[in-house]
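**Q** For reference, the chains in residue letters:
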Amino acid sequence: MTAQMGRAAVDVLPVLIFAGGAIMLIFYVMFVPRALQVWSALGATVVLAVAGFASGWYLGRAPTITFFGTFAADRTWLWGTLIIVIVTVLTVALSVEWFRSDSRQGEYYVLLLFSALGAVLLAGAVDLMELILAMLLSSVTGYTLTAYHRKSRAATEAGIKYYLLGALANGAMVYGAALLFGLSGGTSFADLRSGLVNADPTALIVGFGMVAIGIAFKLGAIPAHQWMPDVAQGAPAPAAAFLLVAGKVGALIVLMRFAAVLPDAAVGWRPLVAVIAALTMTLGNLAALWQDDVRRMLGWSSVSQTGYGLLAVVALGRSDLAIPSMLFFLAAYAMGNMAAFAVIVKLRGLTDRESYRGLASVHPWLMGALVVSFLSFIGVPPLGGFTAKLLLMGAVIEAGYTWLAALAVVNSVISLFYYARVMGPAYFGPAARPRPLMGSLAAWAVGVATVAVVAIGVIGQPLAAAWQELVLLIG
Amino acid sequence: MVWLPVLTPLIGGVVIAALRRQQTAARMASVLAMVATVVAAATVAASQAAGEWTWGGGLDLAVSVTGFGRIMVILVPLIAALVLIFAAANSEEDRAIVKLLVVLTWFVAAMELLVIAADFLTLLIGWELVGAASWVLIGHEWRDPDRPRSAREAFVTTRFGDLGIYVAAGAVFAATGSLQYTDLAAASPGWLAIVAGGLVLAAAAKSAQVPFSPWLFSAMAGPTPVSALLHSATMVAAGAYILIRLQPTLSMVNWFAPVVVGIGLITALAGGMVALAQQDLKKALAGSTSAQYGLMLIAVGAGFTAAAAGQLTAHALFKSLLFLAAGVALHARGTLDLSKLRLGSALPRIAVLFGIGALALGAVPPLGAAFTKEAVLAGAFHSGIWVGLGTAVAGLLSTVYAGRLHMLGYGPGPIGEIHGSPRRGEVTALGILAALSLALGILWLPGGDAILEWAADGAILATTRAEIVLSWALVALGIAVVAVAWRRGRLVTLGLPSRTREFIAGWWGLPSAARVLIVDPVSRLGQGLFVADRKVVARLADAVAGFGELMSRILKRVVDRSIDAIVWGIGAGTIQGAEISRLADDRGVDGAVEGLASGIGVAGTQSRRTQTGMSYHYYTMMMIGLVVAIAVAAFWR
Amino acid sequence: MLTLAIFVPLAVAAITLAIPKRHERLARPLAIWTSFIPLIVVAVSWARFEIGTGFQLVESLPWIPSLGISYTVGVDGLSLPLVALTAVLFTVSIVFPVDDRGKARAYYATFLFLEAISLGVFLSLDLILFFVFWDLSLVGMYFLIGVWGHGDAQRSALKFFLYTLLGSLALLLGILGIYLYTNPRTFDMVEIIATLPVPAGGLAATLIFVAVGIGFAVKTPLVPFHTWLPPAHVDAPAPASTILAGVLLKMGTYGFIRISLQMLPETFQRYALPLGIIAVVSILYGALVAMAQTNLKRLIAYTSVNHMGYVILGIAAAGALGIGSEASRSIAMTGAVVEMVAHGLITGALFLVSGSILARGKTYELDQYGGLAGKAPRLAGITILAAFASLGLPGLAGFVAEFQIFAGTLGVFPWLAAIGLLGIVITAALFLRMIQQVFLGDLPVRWEGWKDLRRVEMWALVPLGALVVIIGVAPAWLIRVIDTLSQVVARG
Amino acid sequence: MIDILLVVAAGIFGVGVYGALSQQSFVMIMMGLELMLNSAVLVVVTFWWGTTGGSPSGQLMVVVVLAVMAIEAAIGFALVTAVYRSRKADITEKLKRLRS
Amino acid sequence: MNPGPLSYVLVSAFGIGAVVSGWLVFRTDSMLRAAYWLMVSFVSVGAMLVVLDAQFLGLILILMMSGEMTIMAIFMIMFMMNPAGLNPMTMVHQHRTSIIAGVGSFLVLAWVGVMAEFPNLPATTADPTVDLGEELLGRSMLIFESAGVALLAVMIGAIALVAKQGRFGDAYDGSQEPDIEVGTGSRT
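Top line first, the protein sequences correspond to chains A, B, C, D and E. The first sequence maps to residues 1 to 475 in our numbering. The second sequence maps to residues 476 to 1112 in our numbering. The third sequence maps to residues 1113 to 1604 in our numbering. The fourth sequence maps to residues 1605 to 1704 in our numbering. The fifth sequence maps to residues 1705 to 1892 in our numbering.
No wet-lab data here; the hints were simulated from the structure. Fair warning: this is a prediction, and the values are worked out from it, not measured in the lab. There could be a bad hint or two in this list.
Some, not all, of what chain B presents toward chain E, calculated at C-beta under 8 Å [what the hints assert, rightly or not]:
id, residue
1, I979
2, W983
3, T1087
Once the Cα atoms are required to be at most 30 Å apart in a straight line, the calculated DSSO-like pairs of lysine-lysine come out as [to be verified]:
id, chain 1, residue 1, chain 2, residue 2
4, C, K1271, C, K1563
5, A, K151, E, K1868
6, D, K1698, E, K1868
7, C, K1487, C, K1474
8, A, K151, D, K1700
9, E, K1868, D, K1700
10, B, K574, C, K1563
11, C, K1563, C, K1474
12, C, K1563, C, K1487
Built from N, CA and C at the ideal position, the CB exists for glycine as well.
Pulled out of the complex, with its shape left as it was, chain A reads as follows:
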């Protein structure tokens, strides 16, 4: 048993690095003087780097289900981990100057690591309990990160609203998980798959629906999407960038695994996900239409992006493109979002749409990065967002949901309108005076994220090749 345990621990090495690194960082934070607190960012980066390298190294390992059927150490998980790691590193880079004045900045990085760990665990969870706990870990740290500006009225408000929403969703999910446990006699996805085949459809559907609400909350999908704009606007900008993305990576992957478990005949999960996707992207786009707060607009656009991402789930099992499209979406969306928020951070949190008027003349590179990320969201080639959208739409068309692809098209066009409400004045307005900027770390983050957005589209072959043959292990 101990030997098994040891092997299992090796299987999830990146997780251990995260957890161990975070705990070590706690000690650092607890004992060094205030002047050295800022270096905890470096510590977090080191942890992330090691975890990232470990994940990259593990890509060569054979995928396996580990910890007795509770965790899937497969390549999809590793890729999800890598995306989360990169997002977190960028977040750390954005956070250093943003949080420099905060006397508790050290704990911030610890929580960031824990939050990332939650998302990583989520991406690999193949057990209802693991799913619940991973989501909880990701969420509770998320609430804290959101409210981290304790003096800020917006941040604390966003934090508690985020919490209230999450708690209700979580309550429903736990009850649903209990029902599924009763139906199958187990909590691991393997048990569910075998146990649910002939299960009572009523209980199954209710249980599934309740669990789905929990995952929808993490994804920011209707009907539990309301936290996204609030967090985007209220939370500290680097944290907002992180929170919009990281949880979504884990949640989308776990939703894939969960959906794969369900018996198609008894539960109309595919149409449900399609409906949620349709509503989510439409509502997100419509609500973003007239936003004058750029961060809030990005929050709503994130809602709509969630809707696009769900297309991959709709196509699960019906199209080879489902998993590659999901990963392309996650990577492109993550990088695009990081780029956009990095620009905002670089502009010291500038968020009023009017303040962007004429900025292209004085900050051409920053606005260029913003435009690249926006165009990627819209799906303009050859940026990452295009490849993602291409594959997503291909996948749903192949899955027989052409109407969903058409709706995605209409939504993309609508989304152009609100992005243009920022881009247009920035480029077509008279030159503004230069704005005060954050330091060079933020600039690096802008650069890296923007280059990544472009690279995902332009040199997509390594990714496509790696993701093409991926299978989701569910035990």
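Starting from the known structure of chain A, arrange chains B, C, D and E on it as the hints suggest.
**A** Okay, now just chains B, C, D and E, sitting in the frame of chain A:
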């Protein structure tokens, strides 16, 4: 080689343009270019050459000088040369004269291309270029706002006819895969009928037949040489020419002959009366042009192309003479009002020359024009007694208006005030034209028939004695009528009520009919479509708009009454539904026209309102969402 | 080598942006000289193009082979003329003087970027590559109109972007539809054209056809998808209008041939008649609405709708396999392609001229002008030449195209051709009226000081005029190349 | 027996939902949420006892739910405190900054 | 399994008690009392667990919740307007909706509980507590670890949010967005 008749004037035009700083040289060059063209044309006509210019894709421009083309190819530059002599002599101070000379030269090139064309594509090229050049020529005095408008009218009218050639060319190509005249016969009857229809349309438009005749009036806006050239051997001649050229094949279409004869007869009669009723010398001549071409169409329809060709040649000579003389009259009197001219005493030499032209126009033997007219008459009688009688009446009309024009234009009268006397070059040109008209009298000699048949490569019908008697009698009658009217002083008004006269003189109301029936509706349609384009089509996407509108309204109602409303049972829902449908009905059509964009925009505003900021609203939405999710998962596979 | 034509302008565009502010005036000569490189490439390609069939000078690199995406460029009888047109129009547009609003570097960089993109659209032989360039052309044009436009430029730019993005995404759906039928999965256009993977007759084929059709119809534009065009043209700077009309609209018709017709021939055949009817509606509608215009640029814009209608009519006829003779369909196709080239040159010239007029007169309203022929004979001459070419006068490029289109269509859809011919008369009327209003008649006193075209403007306009005449008189060199395509298409 | 237990659990859940939706005070809302989780505990134990043959996962799941309850309560109290400090707000209606 | 009649009685009694006391949580005017009613509800559920042979879990539940409720009561007193119910008042919104939602949830879930067929799987082992131990530290190590990490994280997070004083003095110092214009203090 075969291209020389085209290239010579083309290059000539370039040379003239290059010489624009030396006016005299330019004028000389223009005449020389025409003379050279005549020589080239004669050479080509003698050799009966053919040639091709490849476009690729199965399209070649083929040219050849055969049949009546041999005559036309010479006749065109010949008359153009004389007109240019006249033009070059005229108005030495006018700097714009060089432009006029250049365009005239190029105009001849286009016409020559039309004449030597051996396929429909080449024909169309020449045909359209002639039309375009006529636009420049008519609008020569472009600073006067009216003249460009007239030029436009002329061009657009003839271009409408050009569509006929497009159709004919397309039909030939569809039928045979080739555009050559020679392949036309291979076309199936159906296609051939379309070809014939197209060509008749084009010819009627170019040759100013009813109902296209009025464009000739617009063409009067051009300077005198232009009118002289347009109305004689070029432009107008193109219509009759192409029918003469293709008559053998086209006549296989059974309606071709009656239609062509019909158009010709109507135009000959109507145009004759227009010429008779007109108060303006040039416009009267223009009316007579339509009428004369009507005669040619009768002959073509009847199958006697040689008669038509002869008539064309004779007409070309005397009509250019008449127009140039009219130009002299305009120059001298500053007006063309027939009641104010009577230049016979003031310009006796010109009067004589004009008289020769008038006699030819009146078909008075022994001029060549009389011979050809009688050949036409013979042909007309051949195709039917009523056609023959109608043609005879048309002939009578021509004699009367010819006499009237001569008496009123160059008849005896007070010398009065003369603004300018004709220059030497002008008189020379007139003289040569008159001489040529006279020379055409050789057709009366034995063998005249044969010459015509050879020249036109077509048939001619020998005139019967009865026809000659009738014809001559009518000529005599016509002269008598003119004499009587002159004596009574009614030659100007003809004793007609002025409104009737003006109606006829204004081409039987055709221009205003065209304006009311075609021009105005089309431009109003354009205006209407434009308004529609801005107001409706720009929002056409809004077939969907009703939907967007409705959705936004639903959202609005939902949010206005808070989310409670939905949850609160079916009763409230029913009321909501009724409310929504009432609203939809109230705004029904309005709503549909509202822009999709604004619909989406409103929907956007409403969507934001779901984010109330109240977390308990979110809770409610989530619970509703849960119920809906369960329902979807349960009932939708 | 074709790759050079795409990437050299792209690289120079980046370099231009990097020029230091104080050397800003270097941007213009750099851009002008760079724009000659695609011209040279085109000339060489033309020389090396072998008359025969199929794609030539193909250069291919794997891009995302896992998804069947490759970087493949090449030319055939369709793309070579359009590439040449693009290269020419960009050179003259860059040469044409414009108010760069103090952003010379950005202006010329955008232009070079757009040149690379536009060439890419016509050169690419991979659907995704094609779409990449296609979509980027919207972005480039959006900024070009928005930043350097006048009037309500921002709104027009956005309208343009929104409309055409909708079209392009519909196109993307269609492309995906085709892709999903290939086996093994590929976006390779050559292979798709060769194997025709989409099964004919099914609902899927119809849906794909409609999707790509909407995409191209918006771009072309066909009535009723044209409403983005007039505001975009009116508010765009003159060279941008030239590119928009001359190059970007061609992408729509190019797509109709390359994708709708060549990849879905049987479906195209089924819907050829409806498409032809829409084309005729566009012809008449464009002409009639143009006639009602009082605004010079709007008038030209609507004539574009009219002319693109001719192109689509020709394409519809060419694709109507089984109706009419092969020769008719072939000639219609040739005519359609020649019309694309001719319209690009002619309308390009007209828009540049309108830019010259705006620069001097500050308004596009026709009734503000008159009698300019005396003050500006060169301006008048070039405008009249272009206008006559546009109304289809023989000896000029437009005629060659329109004749072939109508001659070919008449053998396929006689009634459509006959009705469509009316457009020729209406355009004649409206162009003559336009010439009359601007150049003829009385000269208003305020234009006494009107200046004729400057030399640099002539440098831009004369080549266009010369090409219009050359194609009009001796089109063999052009038709010979296009014919290689027409033969294939007409045979079915 | 299972029926009874599940109905009881459903009742507790329903009460919890009512509380979460109806209460203005954050703390009272949290009570509703805790009740919901409480009902989940009962459901899990019911199944563990009644249908799954005493599957050990059931027991673990109860522990997990208990942990969830504790964690949510803890973070909830922390956030309520933070909001109270920064906004002097103890009910949902007072937080209207972030909307639309 | 195979419960005796006593079990039925006990379960029903505690069940009614749990639901009713839960209901009373939201019916009292005093938040303090609400907290204690909530504890009663938890204790009732704990008792039901004990009846169902899950003595260990039942006791844990009771102990944990008693502690938690005590904390909650303290919170009431700290923050709430009306901790002792001195001024009777209800603080509810969208009451009708909430009732519908609550009753609806109950009906749906009760229907599931009554109508649905749940499997009857064979029994596994004898001692549930030993099972739990093995499960926790053996097969479900990762879950256990996750729960631990989550608890750790929430401790850190809660302290970070709430503590007024830290090692470096005022813990709220600088916990706000950076100035949008450096040095002006203006923020978004």
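**Q** Next, verify each hint and record whether it holds.
**A** Status of the hints after comparison with the structure:
1. With its C-beta approaching chain E no nearer than about 85 Å, B/I979 sits outside the 8 Å limit, and its interface hint is violated.
2. Interface restraint check: B/W983 against chain E, minimum CB-CB distance 81 Å, threshold 8 Å, status violated.
3. A cut of 8 Å between beta carbons decides the hint on B/T1087: the least distance to chain E is about 11 Å, and the hint is violated.
4. Our distance criterion of 30 Å between C-alpha atoms is broken by C/K1271 and C/K1563, whose separation comes to about 35 Å.
5. For a cut-off of 30 Å, the pair hint linking A/K151 to E/K1868 stands: about 11 Å separates their Cα positions.
6. Straight-line distance between C-alpha atoms of D/K1698 and E/K1868 comes to about 23 Å, which keeps the hinted pair within the 30 Å bound.
7. Our distance criterion of 30 Å between C-alpha atoms is met by C/K1487 and C/K1474, whose separation comes to about 17 Å.
8. For the suggested pair A/K151 and D/K1700, the alpha carbons sit about 17 Å apart, so the restraint of at most 30 Å is met.
9. Proposed proximity of E/K1868 and D/K1700 is supported: the alpha carbons are some 25 Å apart, at most 30 Å.
10. Under the criterion of a C-alpha separation no larger than 30 Å, the hint pairing B/K574 with C/K1563 is consistent with the structure, at around 22 Å.
11. Among the hinted pairs, C/K1563 with C/K1474 is consistent with the structure: their alpha-carbon atoms are about 13 Å apart, no more than 30 Å.
12. About 7 Å separates the Cα atoms of C/K1563 and C/K1487, which keeps this hinted pair within 30 Å; it holds.
In terms of the numbered hints stated before, the structure departs from hints 1, 2, 3 and 4, listed from lowest to highest.
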